[in-house]
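K.L.:
Single-letter residue listing:
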Amino acid sequence: MLQVLWNGIFVGSFYALVALGYGMVYGVIRLLNFAHGDLYMVGAFVGFISLSALGVRTGGVGIPLLILTLVATMLVTGLLGVALERLAYRPLRGSSRLSLLITAVGASFALEYGVRIVAGADPQVYPVRFDLAALEVLGVRLSGQQLALIGFALALMVALHLLVSRTRRGRAMRAIALDPRASALMGIDVNAVVSQTFFIGSALAGAAGFMAGAYYGKIDFLMGFVIGLKAFTAAVIGGIGNIYGTMAGGILLGLVESVGTSVLGGQWRDVLTFGVLILFLSIRPTGLWGAPVAERA
Amino acid sequence: MRHRSSRWTAVLVAAGLILSGCGNGLLGDPGGAASDDGPIRLGMLAPRTGSEAAIGPYMQNGAQLAIDEINAKGGVDGRMLELVVEDDACDPKTAVAGANKLIAAGVHVSVGGYCSGATLPTLPVFHRVKIPMIIPAANSYELVEQKLDNVFLINGTGDQQAAAAATWIGKQRAASVVVMHDNTSAPRDMAVRTQSRLASTGVKVAVEIVTPKESDYSANVAVALRAKPDLIYWTGYFQEGGLIIRQLRHAGYRGAIMVGDGAVSAKLVEIAGATEAAGVFATMTQTPDTLPGAQGWLSAYKTKFGQEPGPYSNQSYDAVRLAAEAVRAAGGTDGAKVIAALAKVDGFPMFSGPLRFTPEHTLSSGGFQILVVKDGRFTLADPLT
Numbered sequence: 001m002l003q004v005l006w007n008g009i010f011v012g013s014f015y016a017l018v019a020l021g022y023g024m025v026y027g028v029i030r031l032l033n034f035a036h037g038d039l040y041m042v043g044a045f046v047g048f049i050s051l052s053a054l055g056v057r058t059g060g061v062g063i064p065l066l067i068l069t070l071v072a073t074m075l076v077t078g079l080l081g082v083a084l085e086r087l088a089y090r091p092l093r094g095s096s097r098l099s100l101l102i103t104a105v106g107a108s109f110a111l112e113y114g115v116r117i118v119a120g121a122d123p124q125v126y127p128v129r130f131d132l133a134a135l136e137v138l139g140v141r142l143s144g145q146q147l148a149l150i151g152f153a154l155a156l157m158v159a160l161h162l163l164v165s166r167t168r169r170g171r172a173m174r175a176i177a178l179d180p181r182a183s184a185l186m187g188i189d190v191n192a193v194v195s196q197t198f199f200i201g202s203a204l205a206g207a208a209g210f211m212a213g214a215y216y217g218k219i220d221f222l223m224g225f226v227i228g229l230k231a232f233t234a235a236v237i238g239g240i241g242n243i244y245g246t247m248a249g250g251i252l253l254g255l256v257e258s259v260g261t262s263v264l265g266g267q268w269r270d271v272l273t274f275g276v277l278i279l280f281l282s283i284r285p286t287g288l289w290g291a292p293v294a295e296r297a
Numbered sequence: 298m299r300h301r302s303s304r305w306t307a308v309l310v311a312a313g314l315i316l317s318g319c320g321n322g323l324l325g326d327p328g329g330a331a332s333d334d335g336p337i338r339l340g341m342l343a344p345r346t347g348s349e350a351a352i353g354p355y356m357q358n359g360a361q362l363a364i365d366e367i368n369a370k371g372g373v374d375g376r377m378l379e380l381v382v383e384d385d386a387c388d389p390k391t392a393v394a395g396a397n398k399l400i401a402a403g404v405h406v407s408v409g410g411y412c413s414g415a416t417l418p419t420l421p422v423f424h425r426v427k428i429p430m431i432i433p434a435a436n437s438y439e440l441v442e443q444k445l446d447n448v449f450l451i452n453g454t455g456d457q458q459a460a461a462a463a464t465w466i467g468k469q470r471a472a473s474v475v476v477m478h479d480n481t482s483a484p485r486d487m488a489v490r491t492q493s494r495l496a497s498t499g500v501k502v503a504v505e506i507v508t509p510k511e512s513d514y515s516a517n518v519a520v521a522l523r524a525k526p527d528l529i530y531w532t533g534y535f536q537e538g539g540l541i542i543r544q545l546r547h548a549g550y551r552g553a554i555m556v557g558d559g560a561v562s563a564k565l566v567e568i569a570g571a572t573e574a575a576g577v578f579a580t581m582t583q584t585p586d587t588l589p590g591a592q593g594w595l596s597a598y599k600t601k602f603g604q605e606p607g608p609y610s611n612q613s614y615d616a617v618r619l620a621a622e623a624v625r626a627a628g629g630t631d632g633a634k635v636i637a638a639l640a641k642v643d644g645f646p647m648f649s650g651p652l653r654f655t656p657e658h659t660l661s662s663g664g665f666q667i668l669v670v671k672d673g674r675f676t677l678a679d680p681l682t
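Protein chains in written order, with the working numbering: chain A, 1 to 297; chain B, 298 to 682.
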């Protein structure tokens, strides 16, 4: 059972990392960015291409090189997110929620099939495989790479927390989330802050994609779709727009899937996930830790 | 805003009506396109987008190779062959739309069908206009259960594969087996049949179902390992298969692993990792790799397309050859005559051996054999004959 919980926490930390960007973007401009999962996919491919280009074909790759690739991947996906916002979402910011949503779905398809044209339909396999020794604690098998990835995901989340709660920029983001028009009147450059939000959210998704690629090994152009939906679910569970709630929501969703599979069987995994989504949307749309709607409006 | 969105809705609805109207019109008049002197059109539904998008080109290339060979020899009774390919995206709705497009394009014989779930709803579409279907890959028993006279399966059936799997598991003396599948048509069919065959021989069997297209199967792996299996049989496709093999090994599983024909691909080994995949068994129909004397075919394929053939390249090649043979025997492309000619084929040489159909229009012998991954490649372990 402990093993099941550990598996859930590990998967959940990926969901959380992707869900954070989802939640941040929603929090700031009230847009469900359906292309967010595809930025995760793009991150996996950027990492794949740069690692391959660096000629790392064997397992003897140093940690510095991996971190360098990760940073490069985050930069590229971050900029892509900014470009996406500039080209597809900003022109529609004043219009109805529905047209933004449809544009987001379109952006998602554009990214998926764009990558398909560049990288092909075949799944690709990462040239580097993390292989660290596994250790057993209380009968639970923890692999070194799992610990490293969870540690890294936590570090990114803490960095995000500090950014949003302790810096001027973070304060501006929170202000826009509360009231974009008043923020503009107060002299906040709304467009710049929205761009920064997209940059950070997309960079986090790209980092998650790269880490998933390096850990699981297989990447393909549709890999972002399901995780995008699950990140959305995680964000809804935690309270969309609430950073800490979203992190907890991701871990919780991972645990629901893992325990559900173990108790009910694997065929129930997605039924549970999306059942939870429907349950929350209908009974408690603000999530476990979200602010009540009345206060937000 | 409101105006604009309702106007768009109206446009969409109108477009939908026009499209569906077209579909009916074409279905209502199938005979118009089937002239008896122009080129012989072979239609192929294969996944070119979606999760199985990698398979489409392998099938298309295999079919094209056969067509070019036959045309180089003057075609069939002086008529050239022509391949028309439509994408089915491994998705039932897309597949039905694709089947209607093929019929509209005037195809005479269908030589496609990979995902059983997507192929199934196209059966009645082709049946209605009496187009013979030679299905190179899809092999769920559900296809046979439709009892349609125009449907011919040239891949071994799920039951034949399950029999091969059970025979090999018996030879391995495995006492406890876990069968894993992805809950789609053919893999589920194969898993259920393997399970019932094994259960009748007294082997302890558990079934574990996974969700396809995920990356993390650690939860399923943990459940499977609780049964303490000696052998785990994955009946699904290669992408999930590679991940499952890797995650099983990393979870400390040391027993045997076997995969079904949908997972036999060089990519499976790549995804799982060479160390993790070493020693993995597979139930598979005969392929050029494991057939003596297929070297010429392999090199012809490589010269033409600049890459190795993949899964179902050779079955698609055979489907086209068989279609040409049936049209020749029927003396034309009349659907009913071609269907009758197909049912009568006896001893036509194919990769899977001399062809004869059972009354159900499946192969009389599945020709499944056991492969094993050695030095990163699938090689013959036991021909099971």
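The set of hints was computed from the structure by calculation and includes no laboratory data. Check before you lean on any hint, since a few could be wrong.
[Stated by the list, open to error] Coverage of chain A stretches by chain B, computed from C-beta distances (three or more under 8 Å per stretch; other residues unrestricted):
hint: 1; stretch: 39 to 48
hint: 2; stretch: 121 to 129
hint: 3; stretch: 261 to 274
hint: 4; stretch: 277 to 288
[Claimed, not checked] Partial pick of chain A residues on the chain B-facing surface, computed with a CB cut under 8 Å:
hint: 5; residue: V4
hint: 6; residue: N7
hint: 7; residue: R141
hint: 8; residue: S143
hint: 9; residue: S195
hint: 10; residue: L222
hint: 11; residue: M223
hint: 12; residue: V226
hint: 13; residue: E257
hint: 14; residue: S258
Glycine included, each C-beta is placed from N, C-alpha and C at the ideal position.
K.L.:
Next step is simple, just say for each hint if it's right about the structure.
P.N.:
The hints, checked one at a time:
1. 39 to 48: Violated, because only 0 residues of the stretch 39 to 48 of chain A bring their Cβ atoms closer than 8 Å to Cβ atoms of chain B.
2. 121 to 129: holds (count 5)
3. 261 to 274: holds (count 7)
4. 277 to 288: violated (count 0)
5. V4: It holds, given that the least Cβ distance between V4/A and chain B is near 6 Å, below 8 Å.
6. N7: At about 4 Å, which falls below the 8 Å cut-off, the nearest Cβ of chain B leaves the hint on N7/A intact, so it holds.
7. R141: 6 Å, holds
8. S143: At about 6 Å, which falls below the 8 Å cut-off, the nearest Cβ of chain B leaves the hint on S143/A intact, so it holds.
9. S195: Since the shortest Cβ distance to chain B is 25 Å, the answer is violated.
10. L222: 6 Å, holds
11. M223: 7 Å, holds
12. V226: At about 6 Å, which falls below the 8 Å cut-off, the nearest Cβ of chain B leaves the hint on V226/A intact, so it holds.
13. E257: This interface hint holds because 6 Å falls under the 8 Å limit.
14. S258: Holds. Min distance 4 Å.
Hint compliance for this structure: hints 1, 4, 9 are not met, and every other hint is.
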